[in-house]
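S.K.: Sequence:
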Amino acid sequence: MWEFDRHYRDFLNSAKTEREAVALINEIAEKSGFSPHPGSTQPIRMVKSFLGKSVALCLSGKRPIDEGINLIVSHLDSPRLDLKQNPLYEEIDLAFMKTHYYGGIKKFQWLTRPLAVHGRVIRSDESPLDIVVGEDDTDPVFTVVDILPHLARKVQTDKKVSEAFEVEKLNLMVGSIPFGNKDTKDRFKLAVLKLLNERYGLVEEDLISAELEVVPAGGARDVGWDQGLTGAYGHDDRSCVFTSLRAIVDLETPRKTALVLFVDKEEIGSDGATGAKSKFLESVVADLLIAHGKEPLYNEIHKILMHSRAISADVSTALDPDYQDVHEKRNAARLGCGICLTKFTGSGGKYGASDANAEYVEWLRNLFNKHEVVWQTGELGKVDEGGGGTVAKFLAFYGMQIIDCGPPVLSMHSPFEVAHKGDIYMTYKAYKVFLES
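Here my numbering is used: the first residue of the sequence shown is 1, the next is one more, and so on.
To be clear, the hints were calculated from the coordinates, so they are not data collected in a lab.
Please read all numbers here as calculations on a predicted model, not as lab measurements.
Where hints are given, some of them may not hold.
[As the list claims (entries may be wrong)] Using 27 Å as the maximum straight-line C-alpha spacing, the simulated DSS-like pairs for lysine-lysine come out as follows:
#1 Lys106 - Lys382
#2 Lys84 - Lys106
#3 Lys169 - Lys185
#4 Lys154 - Lys98
#5 Lys106 - Lys393
#6 Lys62 - Lys329
#7 Lys343 - Lys393
#8 Lys98 - Lys159
#9 Lys303 - Lys343
#10 Lys98 - Lys84
#11 Lys182 - Lys98
#12 Lys350 - Lys106
#13 Lys329 - Lys382
#14 Lys303 - Lys277
#15 Lys303 - Lys393
#16 Lys279 - Lys294
#17 Lys294 - Lys277
#18 Lys393 - Lys277
#19 Lys169 - Lys159
#20 Lys393 - Lys382
#21 Lys303 - Lys279
#22 Lys154 - Lys106
#23 Lys329 - Lys393
#24 Lys98 - Lys160
#25 Lys182 - Lys194
#26 Lys62 - Lys31
#27 Lys343 - Lys329
#28 Lys294 - Lys62
#29 Lys107 - Lys154
#30 Lys185 - Lys107
#31 Lys294 - Lys343
#32 Lys84 - Lys185
#33 Lys350 - Lys382
#34 Lys62 - Lys84
#35 Lys194 - Lys98
Given only the sequences and the hints, what does the whole structure look like? Please build it.
M.R.: In structure tokens:
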């Protein structure tokens, strides 16, 4: 467990964005014998990525692919701040960059903390530039400032939390030294542009064709005297990304074809070309059929998916010791009690949920029991308390059996989420026996 956690933390520190995660997954996959063009050598080990933001690993099994596949799907994106397309400006002799939050965040959690900038810029000559600033000890960091408590009563303290922290004030502080003399217009903004040009060859217009993400600076850390917990940005959902990646890499020849799918955009509804609603999964299955010497007919692709078993690999909320009143304790997951089976998500009267069949739940729990996987069940809080969703309902569209299954997490969607090392290891073990089954 401790050794597994060390590798997991290295992954978290190296994959803070979906692009970084895809690049690292491709690197690990190819070192493990997976190839974009696997040929006909058995077993087929195929890796396929799309637009640098989604990727799939496939390992052919002993049984014909027509009988269906064992599929695990997780998402690569995490809540964050994105820089706007025209971000740079100055105000009272300081330089800032405008941001637009991504996914469900508590805005106040992103104030007054060290932040890093990760991402890609496509320059006017079409050359890409990957940027990471704020992670090395010699790097500067960035921050979003906040009002001091002595002056906060009217603008924050007396307001509801949802109104006290305005999104247009989540501005990233990026500079304080001017360029030129006092008569130079926008001299603090110009100083930042001069630095970006000298260091990276960028001009201001290049920021329009950029995807720059603001994430917490610093690496994953042990939490607690006993170090049994891991605190980090991005447990949701890179804990499931790493455990499912390791599960398929560590397989030899499974009984049925194993497919691990990593998608983008889950935190904002799974739309877009790289989200779970896209046709990427169908394209991967088509390539699998070709690798097996079969014609990738539309009805064959859908027949395979309909006969498949799947896990929507996503984290669950853990019972919060300080906010137990929002949970229903008999149906709440707990840290340190293993991977969590979540039969349905959604909200209210199960609205927006796929709701796994009882037969599938029985099959999966028996599988876990047989292989001594520590597991539990859980729901997302009390009925009508809130709610949320995963990619499960989008894959259920194909008719496959699917259930949400992942480790419980505290402080979900915050810049520093907390997970139990034992739960992470059991997640790996659960995914591996599922793919082998």
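S.K.: Taking each numbered hint in turn, which are not upheld by the structure, reported in ascending numerical order?
M.R.: Hints 6, 30, 31, 34 are the ones this structure does not satisfy, whereas the remaining hints hold.
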